[in-house]
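Heads up: the protein sequence lines correspond to chains A and B, in order.
The first sequence begins at 1 in my numbering and counts up by one.
The second sequence begins at 1001 in my numbering and counts up by one.
In short, the hints are calculated from the structure, not lab data.
Note that the Cβ used here is the ideal one computed from N, Cα and C, for glycine as well.
Honestly, I wouldn't trust all of these hints.
Quick list of the computed label-pair ranges, beta carbon to beta carbon [what the hints assert, rightly or not]:
#	chain 1	residue 1	chain 2	residue 2	range
1	A	Leu46	B	Met1041	34 to 42 Å
2	A	Gly61	B	Gln1017	29 to 37 Å
3	A	Gly9	B	Val1088	14 to 22 Å
4	B	Ile1054	A	Pro110	45 to 53 Å
5	A	Tyr39	B	Pro1075	24 to 32 Å
6	B	Lys1009	A	Pro10	40 to 48 Å
7	B	Val1088	A	Ser85	34 to 42 Å
8	B	Pro1008	A	Tyr95	43 to 51 Å
So the chains spell out like this:
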Amino acid sequence: GDSVTQMEGPVTLSEEAFLTINCTYTATGYPSLFWYVQYPGEGLQLLLKATKADDKGSNKGFEATYRKETTSFHLEKGSVQVSDSAVYFCALSSYGKLTFGQGTILTVHP
Amino acid sequence: NAGVTQTPKFQVLKTGQSMTLQCAQDMNHEYMSWYRQDPGMGLRLIHYSVGAGITDQGEVPNGYNVSRSTTEDFPLRLLSAAPSQTSVYFCASSGLAVSTDTQYFGPGTRLTVL
């Protein structure tokens, strides 16, 4: 079946540091890939999305590239801010059903 | 445009009680789903629906029941609550095409079963 594996957390960074959160997936067919973000006490919000190989999703300074050859969708940001502190989920969508990774807690200190 | 709404926000039940979590969306989405979120386990799919009158089981369906009589509403019923069902529950909706398959989530219901 489909599965998503995210790097273990939590991740703690200083403001303006570079962020990478690794995500790999296993799926049949050609899934869409997503990064969702969850701020404390809130539901999940879409951060970015890619629907086919070599697509790059980007939003709010975050980027991720759909790499079919390595089955990966790593999240990156060049300079994190305190306001980026949240839980980040990688997910794939296959025939409408979302499969999530376990989530990575990011804490950014001033 | 309210998006996806869920009620209640918080609920405490005793073991064996039943209740219904409400979910509604105003985006005319065909696909609706329920997830539960537990620490360290991400979100797991409970049940989903691809349209009115059509429902199917997800990864963790036991102890839960759903129905979809309208496009807008997708309630989740707990038949006989157990402490293992203590969790945060999220409802989500989306279209079915690749161009519309981004799922939009409600704010969640935090359920405690004593």
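A quick look at each hint next to the structure:
no. : hint                              : verdict
1   : A:Leu46 to B:Met1041: 34 to 42 Å  : violated (21 Å)
2   : A:Gly61 to B:Gln1017: 29 to 37 Å  : violated (46 Å)
3   : A:Gly9 to B:Val1088: 14 to 22 Å   : holds (18 Å)
4   : B:Ile1054 to A:Pro110: 45 to 53 Å : holds (50 Å)
5   : A:Tyr39 to B:Pro1075: 24 to 32 Å  : holds (26 Å)
6   : B:Lys1009 to A:Pro10: 40 to 48 Å  : violated (26 Å)
7   : B:Val1088 to A:Ser85: 34 to 42 Å  : violated (19 Å)
8   : B:Pro1008 to A:Tyr95: 43 to 51 Å  : violated (31 Å)
In this structure, the hints that do not hold are numbers 1, 2, 6, 7, 8, in rising order.
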